[in-house]
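Peer 1: Listed here are the chains, written in short residue letters.
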Amino acid sequence: MTIHLRVWRQSGPDSPGFLEDHTVTEANEHMSFLELLDVLNEQLIRDGREPVEFDSDCREGICGSCGLMVAGIAHGPQKRTAVCQLHMRSFNSGDTITVEPFRARAFPIVRDLVVDRSAFDRIIAAGGFVSVTTGGAPDANAVLISKADADRAMDYAACIGCGACVAACPNGSASLFTAAKIAHLDFLPQGQVESAHRALAMVDRMTDEGFGNCSNHAECEAVCPKGISIAGIARMRRLYLMGPLTAKAQ
Amino acid sequence: MTQSNGAAGQPRLEAKIPDGHLQDKWDNYKDAVALVNPANKRKHTILVVGSGLAGGSAAATLAGLGYNVKCFCIQDSARRAHSIAAQGGINAAKNYPNDGDTIWRLFYDTVKGGDYRARESNVYRLSQLSANIIDQAVAQGVPFAREYGGMLANRSFGGALVSRTFYARGQTGQQLLLGTYQALSHQIAAGRVAMLPRREMLDLVVVDGHARGIVTRDLVTGTIERYAGDAVLLCTGGYGNAYYLSTNAKNSNVTAAWRCYKRGAFFANPCYTQIHPTCIPVAGSYQSKLTLMSESLRNDGRVWVPKDPADQRAPDQIPEADRDYYLERRYPSFGNLVPRDVASRAAKKECDDGRGVGETRLAVYLDFADAIDRLGKQAIGERYGNLFEMYERITGENPYRTPMRIYPAVHYTMGGLWVDYELQSTVPGLFVLGEANFSDHGANRLGASALMQGLADGYFVVPYTVGAYLNRHDRADSVSADNPAFAEVQGAATRRIERLINSDGDKTPTQFHRQLGIILWNHVGMSRTRAGLTHAIAAIGELKEEFWSRVRVPGTAATFNKNLEFAGRIADFIELGDLMARDALRREESCGGHFREEFQTAEGEALRNDDAYMDVAAWEYGDPTPHLHLEPLTFESVQPSTRSYK
Amino acid sequence: MSLFAALNSPVGRKALTGVTGIGLVLFVIAHMAGNLSYLFGSDAYNLYAHKLMSLGALFYGIEVLLAICFLLHAYLGIVITIRNRRARPQGYKKYRSAGRPSRLTASSRTMIMTGVIILIFLVLHLKSFKFGTYYTVEINGVEMRDLYRLMEEKFQDPLYAFGYPMVMILLGLHLRHGVWSAFQSLTLTSRKLSAALYPLGLILGIGVAIGFIVVPLYIYF
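Residue numbers (the working numbering), protein chains in the order written: chain A, 1 to 250; chain Z, 1 to 646; chain G, 1 to 221.
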């Protein structure tokens, strides 16, 4: 396969960026998209040019490190697939593919396709946890949890924090990410104790980080590698709006 | 090579195992351990390197106790540590299913699974703590799988005869890691942990014989930084990426551990590497990493190859009579559930005999047709749906219809920095947790035990033992990063980076990594020989020389530069490869993940030599060759036997 | 945190947009029904209008409420959009929707544009009709405003006859996303109900557009 790439290059957060054209002739359908970029980079280094920087780690769709806009879609055209597991069989030889970083004010560009998603960590630190310290936990079976609730909690807990929801959202909103954690913990008795306070703190943090509003485009759900539902956003909103009424003085 | 016995005249290899009966050792230790005054804890700074299950849990727990913690990770967020990729589950001796599990049985299975090359006392403590981990995780909101009645679900895993494995779909590692990450976030919010992401530890600072700090590189700006502390916890994972192709994440590396080794920490059993039997086979030379398919698949999948090497039919065209379910045939009692090392070698043997399947002939079938007939497609989908999807995404084949093709791949490293019962290395003040240490899995790790060990070390062991260390050594004289030792180490790290960036070669770092990987996979892989290992040592020596003269690192050192990071790590992997080969050469027996072709039974099974090699090989850095120290292993509570899964 | 702060947050603003939006949708449906009474002749239409206006205080109360809904809805829409634009200062060179289950449509992406056009339209609309020429007519001995005549007159003008339907199509487009979005913003957590409600926006959007277009075209032709 021959693949033409239009790749975003940007040397630093404040430098201007541009699309650069490259062609990889040694592509093959079993290759992942990131392996295609690896091949491109080997080519560039041998030609004495600077390789394209991008983040990736586990390359099996679970760590959430990778994240690129491929052909205009966060993580590329294949559903429920992080870009590290997007294989070239999704494309045809001769295709021209545009590759851009995840863009949002809250995700400043570090270099080329690498962005800074630390805003997500700060949203979690605002309340995306159960306030327990190590030790003294009761027996794991002391509190029964229905299978349905455990399964729904897991549906939301599956979030890998990649930021595709923000990237795909026309508003650059982090609602799906934030809601996933709020909903995960709200479905479990261990997390429910702090649900109202958590929703208030995390949503306010999200706002302060400069993410946009949710306009219910649901584009986030469509690009989420884990298929997390926007029903979580509705749950987050309910907890948030009910928060002033239900949250105990913290 | 010089040798010395740790027990005689080498206090540095004192394992410090507490007195008493095996069951009482940890309690005895805790009873006797000196506690740090709560008011003094915040005066102590602990540097935790790594934010995976071991590092994250240690940092969160120590901060919760009141210590001042700085936690470093190489990824852009603590949540992305490679623990996240563990799929199958975590063991705990809870005996919820009432099927006869006990702490003793988990301990025994782990020691036996490790082929009697682990330290009894550590493994027993691990089994004792296993139940607490589950309690802790549930309290954090980890959504483990549940039964309809609301109780936690368990499954049997990796050759265990009891169901003691807790799981969260096929994402157990992810959920446990997010539990620790959230606990860590809780402490970050409370201001007790300073989290420093995108930092790579480049060296250890030793002052007056004690670990007192680290030197790191800020991976965004390239700044070489120094941090001082009262103890350093190394939680940096394993070194499987030495083989280039492994199931490890791209950033997993040995550099931090290797730098500690060069500063005096002994490296134990580097030859013990685990080759996982159920991975997706290599597709081409561009392959960047391998993908594991959870071992849980072997609970319902049957492994087979065609009986006739010339049989080129599609799998569904091959009738039962022409298939060889070789694991069921060779190991009637455990069948498809034999431990990882046994299953991997068996697959290699079939492929070596020419019966491999697929384009490359380096694969065997893992077939779910019988299970789908028996339980229905839906039940199989519920158990393995996400794994089947992942397989299909990667290979383009649907495992509900066509058997999976699997082949072994490097997955985990049992070896690591030598630690005593307190998880302290031979450098006082340097503690090593999780996969980075050598202690609990012997020569082979059982499935669902890695998560258990990382969390036991971080949540429940090191919080006690670090306190003991701080008590033993008055840290009122806190060293600051202005100490000349820091400047010296920082200078050395800077010079090394400059040497890499200024080398004007013609080969990319990845080219060297691939070359190293091929040498290690062929000669220090699933089966090893004296001749192969000797060859490997020579070849690695040449590779090392070539690396420093021909490597080309693009860009500058003052920016985000992935290739510069990789180059530094590959240089360390090359040196480690040499040590792995030396260790494998020295161990003239077969045990667990270390299989020497010269030492096998008539049926091709591993042949241990307990008289000569019932020990831990701990290597001390030396130039040009390392020095060997031995810690003899004594088994007081279990009787080493030949592992048989027939 | 106070209730006011919660309502003034992005989540609260969105919920208020939903509440006011639903109120406005109800108004639009009632208005459309009134318009359609035009088809039953001048008496029917003028009597209907007269009845409404003779509700007195209640009528003015509803008008004030509607005005508040409209102004708040418009204000929130503009404020939300400004914030959203700021959240992505640099746009993509290439961007497209990933498809289902995305609800990203021409309708959802143009809410602010359709909204602003409707806002401008409303001002003109009020000027033309509510505050337009005051013709009178006597029906059954009662003197009342002859809105029927005003309508007839205005929609003879092609600008009105075609401009009005154009805006009504945009209104339909606005409702197509807006109706379902309002329920989402008002915390509809059921995935099934959400999927079931989604077509309601489309049906209402088309229905309202057609309902408003019929009369002007009927008059013109």
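What the hints contain is simulated information worked out from the structure, not anything from laboratory work. Check each hint, because a few of them may be wrong.
Said to hold, decoys possible - Below, in silico cross-link-like pairs of lysine-lysine (BS3-like), each with a Cα-Cα straight-line distance of 25 Å or less:
1) A/Lys-147 to Z/Lys-377
2) Z/Lys-41 to Z/Lys-30
3) Z/Lys-70 to Z/Lys-41
4) A/Lys-79 to G/Lys-130
5) Z/Lys-16 to Z/Lys-30
6) Z/Lys-25 to Z/Lys-43
7) G/Lys-127 to A/Lys-79
8) G/Lys-93 to G/Lys-127
9) G/Lys-130 to G/Lys-51
10) G/Lys-127 to A/Lys-147
11) G/Lys-94 to G/Lys-130
12) Z/Lys-307 to Z/Lys-349
13) Z/Lys-16 to Z/Lys-262
14) A/Lys-79 to G/Lys-93
15) Z/Lys-646 to Z/Lys-307
16) Z/Lys-307 to A/Lys-79
17) Z/Lys-262 to Z/Lys-646
18) Z/Lys-349 to Z/Lys-112
Peer 1: Check the structure against each numbered hint from earlier and tell me which ones fail, lowest number first.
Peer 2: Hints 4, 6, 7, 8, 10, 11, 16 and 17 contradicted; others consistent.
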